[in-house]
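All chains, please: the whole structure from these sequences, using the hints.
Protein chains: 4
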Amino acid sequence: MTENLKIAVVGAGRMGADHIDRIHTRIVGASVSAVVDIDLDRAGQAAAGIPGARVFASLEEARAAGGVDAVLLATPGFLHEEALIKALEWDIPILCEKPLTPDAATSWRVIEAEQKLGRQSIQVGFMRRFDADYAKLEQIISGGDLGDLLMLHCRHRNPSTPPGFTNEMLINDSVVHEFDVVRYLTGEEISSVQVRLGKPSRNAPAGQHDPQQVLIETTSGVLVDVEIFVNAKFGYEVGTQASLEDGIVDIGLDHGPVTRTAGRVGGDVTPGFEERFGDAYDREIQSWVDAARRDEVGGPNAWDGYATAACCEAGVKAQSSGEKVAVELNEKPELYR
Amino acid sequence: MTENLKIAVVGAGRMGADHIDRIHTRIVGASVSAVVDIDLDRAGQAAAGIPGARVFASLEEARAAGGVDAVLLATPGFLHEEALIKALEWDIPILCEKPLTPDAATSWRVIEAEQKLGRQSIQVGFMRRFDADYAKLEQIISGGDLGDLLMLHCRHRNPSTPPGFTNEMLINDSVVHEFDVVRYLTGEEISSVQVRLGKPSRNAPAGQHDPQQVLIETTSGVLVDVEIFVNAKFGYEVGTQASLEDGIVDIGLDHGPVTRTAGRVGGDVTPGFEERFGDAYDREIQSWVDAARRDEVGGPNAWDGYATAACCEAGVKAQSSGEKVAVELNEKPELYR
Amino acid sequence: MTENLKIAVVGAGRMGADHIDRIHTRIVGASVSAVVDIDLDRAGQAAAGIPGARVFASLEEARAAGGVDAVLLATPGFLHEEALIKALEWDIPILCEKPLTPDAATSWRVIEAEQKLGRQSIQVGFMRRFDADYAKLEQIISGGDLGDLLMLHCRHRNPSTPPGFTNEMLINDSVVHEFDVVRYLTGEEISSVQVRLGKPSRNAPAGQHDPQQVLIETTSGVLVDVEIFVNAKFGYEVGTQASLEDGIVDIGLDHGPVTRTAGRVGGDVTPGFEERFGDAYDREIQSWVDAARRDEVGGPNAWDGYATAACCEAGVKAQSSGEKVAVELNEKPELYR
Amino acid sequence: MTENLKIAVVGAGRMGADHIDRIHTRIVGASVSAVVDIDLDRAGQAAAGIPGARVFASLEEARAAGGVDAVLLATPGFLHEEALIKALEWDIPILCEKPLTPDAATSWRVIEAEQKLGRQSIQVGFMRRFDADYAKLEQIISGGDLGDLLMLHCRHRNPSTPPGFTNEMLINDSVVHEFDVVRYLTGEEISSVQVRLGKPSRNAPAGQHDPQQVLIETTSGVLVDVEIFVNAKFGYEVGTQASLEDGIVDIGLDHGPVTRTAGRVGGDVTPGFEERFGDAYDREIQSWVDAARRDEVGGPNAWDGYATAACCEAGVKAQSSGEKVAVELNEKPELYR
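Chains as they are written, first to last, in the numbering used here: chain S, 1 to 337; chain A, 1 to 337; chain U, 1 to 337; chain Z, 1 to 337.
Hints listed in this document are in silico derivations from the structure and should not be mistaken for laboratory results. Any given hint might turn out to be false.
Copies of the same chain look alike in the list, so a pair counts if it works inside one copy or between any two.
Stated by the list, open to error - No more than 27 angstroms apart at the CA atoms, straight line, and that leaves these computed lysine-lysine pairs for BS3-like: (1) K199 x K136; (2) K317 x K136; (3) K199 x K317; (4) K86 x K317; (5) K86 x K324; (6) K199 x K324; (7) K332 x K199; (8) K6 x K199; (9) K332 x K317; (10) K86 x K6; (11) K6 x K332; (12) K324 x K116; (13) K116 x K6; (14) K324 x K6; (15) K116 x K332; (16) K324 x K136; (17) K86 x K116; (18) K332 x K86; (19) K136 x K86.
Note that the structure is a prediction, hence the values are computed from the model and not measured.
Here you go:
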């Protein structure tokens with residue numbers, strides 16, 4: 001087993017910088033040996049104060065310089081395919097921030113490359129599976145004490161979106177997590193996606209229709225609805241209500257001190273995804289590091305990345321058609337069964 | 001003003017008997033003077049112990065015998081039209097348990113009869129408008145502090161259904177309340193209804209597909225989804241989550257003592273509609289009595305009954321087609337504006 | 001049974017006026033026939049719009065004028081003894097707002113007078129016994145499923161106090177309810193009272209030490225602590241946490257719509273006792289009326305009034321001594337066993 | 001700064017073994033280099049699978065063997081003084097599980113020894129200061145927006161106690177945390193302690209009076225009550241309700257999925273202190289390691305240990321006397337101001 005996993009982090013933007021800090025201060029058994037970003041200044045800032053972390057403009061240079069046991073990809077999705085193929089060739093563990101790639105066709109090429117390698121090597125950054133609430137809900141559902149799962153009511157609310165956040169990103173960057181959650185909680189593939197566009201919020205930027213409601217079905221007929229509302233202003237909220245044959249389960253409720261003052265009783269809303277999922281990110285990266293040191297994958301794999309990419313494609317089509325769009329998947333290779 | 005409103009209750013089944021007891025023990029300014037039921041034994045049992053309450057096989061006999069100032073209709077919906085027309089002819093106040101009538105065409109005939117009378121005289125038994133939570137939610141929405149309403153997520157869960165409860169009754173007897181709630185909360189008419197049938201519960205009786213999800217749109221584009229789950233076993237639950245531009249509001253949560261014992265913390269689920277809406281029924285009947293004593297209507301009117309009947313018709317069609325079905329309404333008469 | 005109980009309400013201040021309105025608009029089987037207040041203008045205002053309600057400066061005049069079947073006492077406590085003795089002589093049902101009288105000695109004289117009558121005729125206005133939460137807690141405790149009751153943690157918080165609200169009133173007007181609640185929930189008498197005076201709030205008026213903590217013990221050794229905080233500003237809160245051998249139970253939590261907006265999640269705090277206990281007052285008065293029509297008592301009796309008066313005396317002593325003060329009671333007469 | 005802090009863990013019982021696992025799997029910048037226990041088998045089991053961890057029967061042997069940068073003391077309290085004095089002589093960082101020592105006199109000797117060293121070197125294991133809820137409550141109180149703190153209502157409930165858990169341990173092992181919490185939240189010393197013994201639970205073992213209520217006062221007059229109930233059966237619960245001049249704050253509420261099934265709504269109670277304070281322990285040890293690598297203390301210091309030892313002494317006296325017992329402290333040395 002690798003004593004200390006030396007990681008090249010590719011992409012020194014917000015997520016990349018967060019992961020660099022996380023690995024340095026909270027992850028056991030790993031260290032950041034390289035920070036890769038075409039913007040070398042940004043890479044340098046992210047690497048500052050990390051002993052042993054060197055800065056490179058490309059992953060190849062980092063690899064050539066030695067000291068790279070594993071890769072964490074935190075670049076935009078359209079850059080993933082090339083880096084994934086390269087890391088598969090080098091046969092080193094990869095954690096790929098979602099999405100695996102932006103569409104089903106490119107994701108399938110990654111699947112094919114990993115099959116050639118003959119071993120699962122890619123973990124995809126669906127961190128919700130490492131959130132305590134989602135994990136408990138999965139246990140409750142799969143435990144079977146409450147009968148079969150029949151419906152899921154999901155909500156995904158952000159206070160606001162960064163400039164340039166398009167309708168497509170609403171599916172590809174936000175609802176993609178719900179696609180993975182639905183697959184995780186049901187243990188099934190998604191068979192269709194539909195999108196309802198109703199009255200938009202005055203707080204939505206031009207060109208973005210917000211909120212939207214995404215209707216999902218799984219192969220056994222579990223019905224899912226997702227409220228995706230990315231300019232909800234009040235704060236951040238991600239949660240699910242599950243309807244089972246013999247009970248209802250809610251997750252994603254706020255907690256913390258409850259205060260009564262000035263005629264009101266209540267607490268703080270979670271302000272953002274860092275507060276909501278910070279622990280989940282820690283557990284995700286630790287799980288990946290622990291598995292990678294044993295040459296294994298410690299979370300959602302490339303098939304999960306491919307299947308959600310296919311859902312996203314259907315979701316974007318459904319936004320414009322208003323109709324139910326079927327999700328088509330290739331046959332699942334032996335490697336992922 | 002009538003000192004004491006003498007009411008003929010028509011129908012001595014469960015709802016009728018409840019209303020008779022309610023008027024006798026909790027409603028001020030009214031008394032039950034007649035109990036009408038073709039089953040005279042049942043009528044007699046319901047009237048037992050109510051001073052001054054006489055028993056009749058028909059409303060005409062009760063009226064002819066004197067001492068009937070107002071009518072409360074608690075018979076099955078298909079019997080409503082005839083009784084409503086009669087009471088309109090007699091020009092006496094009517095409280096009609098939902099539905100007004102089973103379909104839009106017959107409801108429209110009632111509307112026409114009331115227009116001839118030239119005065120609103122019929123109140124329809126949508127008691128949720130008298131529930132403290134729904135009333136507060138309506139105030140929050142119409143108050144405007146949280147911006148425009150964009151979505152409503154409704155849940156309507158019963159522990160089980162009586163024998164013979166069909167798919168159509170699921171719309172006509174249960175979702176009908178949600179149609180009224182949506183109209184009440186939005187102040188708009190409903191423009192379309194769609195129904196999703198997914199995986200059914202093993203607890204649903206033969207011939208009934210349960211749960212279902214009903215998708216509703218209003219004229220301004222507010223999106224509504226209703227989980228209607230009438231064999232949910234765990235207990236009774238009716239509530240709504242409203243998504244507004246600047247906030248989210250939940251109603252219908254359980255309350256009462258919170259107990260920690262044997263590894264669990266929590267409270268009792270509301271067991272049934274009597275516990276959930278008992279106070280609302282009291283307030284509804286009192287509001288009707290108070291208004292009727294002044295020859296006014298104290299709640300939802302015949303137009304509300306007609307409009308929800310049209311929604312129910314669309315809903316039943318949507319159950320079999322799976323498609324979005326438009327709700328068509330006649331022009332609203334001056335009397336109800 | 002009296003068809004319609006004609007009530008003389010004595011005292012037309014806030015509580016009296018509330019009860020007059022309550023009896024007129026929400027109580028079945030009773031009416032206000034007389035409003036008695038030395039301030040005839042105030043009496044007249046309270047009686048306005050109540051058909052058949054006449055105005056008198058004294059209870060004797062009201063009685064002499066005829067049409068008084070029962071008395072509801074809503075005057076300050078120091079005026080109770082005389083009116084109670086009179087009504088006992090007339091042998092008519094009495095609802096006496098708490099306290100029965102201001103001290104144990106005068107309460108005992110009332111007890112003696114009622115014994116002479118030989119029938120329980122006085123009900124004392126401890127309305128909390130008619131609150132749904134307290135009633136459920138009493139059932140949970142006496143049901144025995146959670147083992148014996150060991151401790152009670154009580155809180156009694158008001159937003160502010162009217163001018164002239166003294167330290168003694170803090171015991172006699174507020175904690176008196178907790179004395180009754182402790183006796184109701186334990187089914188035991190209180191054996192001692194102690195008061196802790198710590199850091200006072202800057203919001204307390206001069207001459208009033210607020211908050212205080214009252215420590216109570218019952219005969220079997222149940223330990224009780226009461227936070228009495230009458231200038232708590234945030235709103236109104238009355239509740240209890242009960243520690244039993246096999247579980248913990250909380251009552252008095254807020255409910256109603258839950259809103260998420262501007263970084264906060266929560267609901268409204270109950271603003272005052274009318275909102276918190278309005279339903280309890282209705283049920284209390286209805287219970288008294290129903291019982292009085294059958295010449296019975298429908299709630300806490302004169303012994304409950306006497307025992308709590310003794311607790312209040314001990315509590316006021318304990319405020320100044322800081323020591324544990326024993327509560328001494330006469331032997332319980334046969335009439336109240 | 002020390003690159004990697006090599007820690008000798010003294011005591012390989014439950015807490016020691018937990019800390020060894022914690023340091024190995026979750027703490028960055030430190031490793032377990034020595035496990036010290038007079039029971040060498042137990043030490044060996046705790047060290048198994050930890051690369052580089054050697055086993056010793058005494059701290060001196062471990063130190064003599066080299067590779068000990070810091071000491072974590074997880075032995076029973078009566079063994080602490082000797083080890084603390086030794087580590088102070090060696091001038092290496094110490095984390096001492098609570099209590100510092102079992103009484104004020106021995107704690108004061110540790111204080112004197114540390115003063116000789118002239119530098120704070122001891123951190124005491126009051127992990128609650130690292131719990132997110134307590135930290136937020138401290139911020140709310142010290143932030144001042146809700147006015148001054150007036151009262152604290154604390155609860156400390158365990159499902160059951162191990163064999164041999166005495167009345168004194170109830171103060172020294174359990175309430176000791178509350179003493180520290182009160183000092184932490186108020187920023188003041190405790191001036192007196194009183195103990196109320198009421199009705200005991202049938203679930204308490206012979207020789208142990210459970211529950212008890214501990215009454216505490218601080219120098220400014222903040223009143224505190226603690227329910228200490230160590231055979232509460234239902235689960236584990238530690239929390240506090242703070243009454244401030246302008247608001248009330250609750251911490252320690254359960255969270256996680258909320259389920260409705262079989263007539264009940266609610267969630268799991270936290271089963272034990274590991275689940276409740278696992279994250280706090282992690283943060284505590286990481287804070288100590290981070291500070292120790294810079295030769296600093298990262299949490300409560302020896303003075304905190306001494307002051308709480310004095311409170312425990314007073315508390316044990318108060319258990320038998322029933323009276324309020326003053327807490328006497330020596331003047332605070334310059335080193336701790």
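Each hint tested on the structure:
no.: 1; hint: K199 x K136; verdict: between (35 angstroms within a copy, 23 angstroms between copies)
no.: 2; hint: K317 x K136; verdict: neither (33 angstroms within a copy, 39 angstroms between copies)
no.: 3; hint: K199 x K317; verdict: both (20 angstroms within a copy, 25 angstroms between copies)
no.: 4; hint: K86 x K317; verdict: neither (31 angstroms within a copy, 55 angstroms between copies)
no.: 5; hint: K86 x K324; verdict: neither (37 angstroms within a copy, 48 angstroms between copies)
no.: 6; hint: K199 x K324; verdict: both (20 angstroms within a copy, 17 angstroms between copies)
no.: 7; hint: K332 x K199; verdict: between (39 angstroms within a copy, 24 angstroms between copies)
no.: 8; hint: K6 x K199; verdict: neither (50 angstroms within a copy, 47 angstroms between copies)
no.: 9; hint: K332 x K317; verdict: within (23 angstroms within a copy, 39 angstroms between copies)
no.: 10; hint: K86 x K6; verdict: within (17 angstroms within a copy, 39 angstroms between copies)
no.: 11; hint: K6 x K332; verdict: neither (32 angstroms within a copy, 48 angstroms between copies)
no.: 12; hint: K324 x K116; verdict: neither (35 angstroms within a copy, 47 angstroms between copies)
no.: 13; hint: K116 x K6; verdict: within (25 angstroms within a copy, 44 angstroms between copies)
no.: 14; hint: K324 x K6; verdict: neither (46 angstroms within a copy, 56 angstroms between copies)
no.: 15; hint: K116 x K332; verdict: within (15 angstroms within a copy, 69 angstroms between copies)
no.: 16; hint: K324 x K136; verdict: neither (31 angstroms within a copy, 36 angstroms between copies)
no.: 17; hint: K86 x K116; verdict: within (13 angstroms within a copy, 61 angstroms between copies)
no.: 18; hint: K332 x K86; verdict: within (23 angstroms within a copy, 64 angstroms between copies)
no.: 19; hint: K136 x K86; verdict: neither (36 angstroms within a copy, 46 angstroms between copies)
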